[in-house]
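Visitor: Residues 1 to 325 in full-length UniProt numbering are what the sequence shown lists, from first letter to last.
Among the clues, some could well be false.
Calculated lysine to aspartate or glutamate pairs in the EDC-like style (CA-CA distance at most 20 Å, straight line) [unchecked claim]: (1) Lys-175 <-> Asp-297; (2) Lys-39 <-> Asp-7; (3) Lys-39 <-> Glu-155; (4) Lys-39 <-> Glu-15; (5) Lys-39 <-> Asp-11; (6) Lys-41 <-> Asp-11; (7) Lys-39 <-> Glu-9; (8) Lys-41 <-> Asp-111; (9) Lys-39 <-> Glu-201; (10) Lys-41 <-> Asp-212; (11) Lys-19 <-> Asp-43; (12) Lys-168 <-> Asp-297; (13) Lys-39 <-> Asp-297; (14) Lys-39 <-> Asp-27; (15) Lys-41 <-> Asp-63; (16) Lys-41 <-> Glu-12; (17) Lys-41 <-> Glu-113.
Keep in mind that the hints were calculated from the coordinates and are not lab data.
The structure displayed is predicted, hence computed values, not measured ones.
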Amino acid sequence: MKLRPDDHEFDELCEVCQKWFEFTILDAQPIVRGWLNRKWKLDTTHGVFLLKSYHPDRYRLYDESALVRALRWQSELHTQGLPCPQILMHQGAQLHSTPSGQRFMVMTFCDGERFIPGQATYGQMHSLGAATGQMHRFLLMLGGFPTQATFLVPEVPERIRHFENVLKAMEQNDKHELYAFAQRQLNALQIIDIREFRNAEIGFAHRDLWADNMLFSGDGLSAILDFDRLNADYLDTDIARAILSGNLDGETFNVDATLGFLDGYRTQREYPTGGILRALRMVWYMESAWWITPNMDQHTVPPQRFAHEMDWLAQNMQNLPSLLS
Numbered sequence: 001m002k003l004r005p006d007d008h009e010f011d012e013l014c015e016v017c018q019k020w021f022e023f024t025i026l027d028a029q030p031i032v033r034g035w036l037n038r039k040w041k042l043d044t045t046h047g048v049f050l051l052k053s054y055h056p057d058r059y060r061l062y063d064e065s066a067l068v069r070a071l072r073w074q075s076e077l078h079t080q081g082l083p084c085p086q087i088l089m090h091q092g093a094q095l096h097s098t099p100s101g102q103r104f105m106v107m108t109f110c111d112g113e114r115f116i117p118g119q120a121t122y123g124q125m126h127s128l129g130a131a132t133g134q135m136h137r138f139l140l141m142l143g144g145f146p147t148q149a150t151f152l153v154p155e156v157p158e159r160i161r162h163f164e165n166v167l168k169a170m171e172q173n174d175k176h177e178l179y180a181f182a183q184r185q186l187n188a189l190q191i192i193d194i195r196e197f198r199n200a201e202i203g204f205a206h207r208d209l210w211a212d213n214m215l216f217s218g219d220g221l222s223a224i225l226d227f228d229r230l231n232a233d234y235l236d237t238d239i240a241r242a243i244l245s246g247n248l249d250g251e252t253f254n255v256d257a258t259l260g261f262l263d264g265y266r267t268q269r270e271y272p273t274g275g276i277l278r279a280l281r282m283v284w285y286m287e288s289a290w291w292i293t294p295n296m297d298q299h300t301v302p303p304q305r306f307a308h309e310m311d312w313l314a315q316n317m318q319n320l321p322s323l324l325s
């Protein structure tokens, strides 16, 4: 099976998969999605699977022990009934390596459609909320209650210095059109109170719960994808990330669909009234430094979306309580 004559890496992956998982690959279609890692949809004699090969540069960014745990727990979540892919195991492991050292995994291929960011329906958000609550509940059963989150909340003066440096870098590079983005983050930092974050619940979170990692069939969630970043963190960040991805359309925030997510979540776990305000503030405090940068004019489509979400939150930081009331 060759996609092009010189694709020796793919040939090796196919050879290993057919040997270990005892199927024959009938057809393979590349999936162009995500950063660096390569993916293929495999039609085989045993069904349809997704093959994911980790790029060495991307793999070095992972904590390998955390990744191994995340994939093991994904398998457990699938067994418990969460809509997510089942990972194929070989010699008791979900993460594999070819003789040449390629790291890869194989999982069931999930059918479904992705929603356009910002245009999720009430039903889709309700279904996603219920699955997110179910996922958080199962992960607390698997891993217990961690006391340390992956996101270490910096003090406000540190964040102010960060965005002052971003603004200086924009000035040095004559990127006048970007000044307003950095200035809006600085303005929002004048009114944020990070003491409210201390009451946020820490558990094991997906940590990448956005439109590209969800599949739907009509109003029903068919799969949550890509658990590679799963780790101990504030559960609010999953909730806010999913809600922003589904409900912010341009400058319009769909409060009704947000209620749908929270109604669904509460079928599985308790969630405090008004908690979404803290969640949105927290995800902004975490992610704004990732996406509002001196080079944000070079962002590709997903980072452009994330930068818009952060900028919208900064602009509306003072109005969020009335918007969500």
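Visitor: Each hint should be assessed against the structure and marked as holding or not.
Guide: For each hint, the structure was consulted:
no.	hint	in the structure
1	Lys-175 <-> Asp-297	holds (9 Å)
2	Lys-39 <-> Asp-7	holds (14 Å)
3	Lys-39 <-> Glu-155	violated (39 Å)
4	Lys-39 <-> Glu-15	holds (16 Å)
5	Lys-39 <-> Asp-11	holds (13 Å)
6	Lys-41 <-> Asp-11	holds (14 Å)
7	Lys-39 <-> Glu-9	holds (12 Å)
8	Lys-41 <-> Asp-111	holds (11 Å)
9	Lys-39 <-> Glu-201	violated (34 Å)
10	Lys-41 <-> Asp-212	holds (16 Å)
11	Lys-19 <-> Asp-43	holds (16 Å)
12	Lys-168 <-> Asp-297	holds (16 Å)
13	Lys-39 <-> Asp-297	violated (28 Å)
14	Lys-39 <-> Asp-27	holds (13 Å)
15	Lys-41 <-> Asp-63	violated (26 Å)
16	Lys-41 <-> Glu-12	holds (16 Å)
17	Lys-41 <-> Glu-113	holds (15 Å)
Checked against the numbered hints given earlier, this structure breaks hints 3, 9, 13 and 15; the rest are met.
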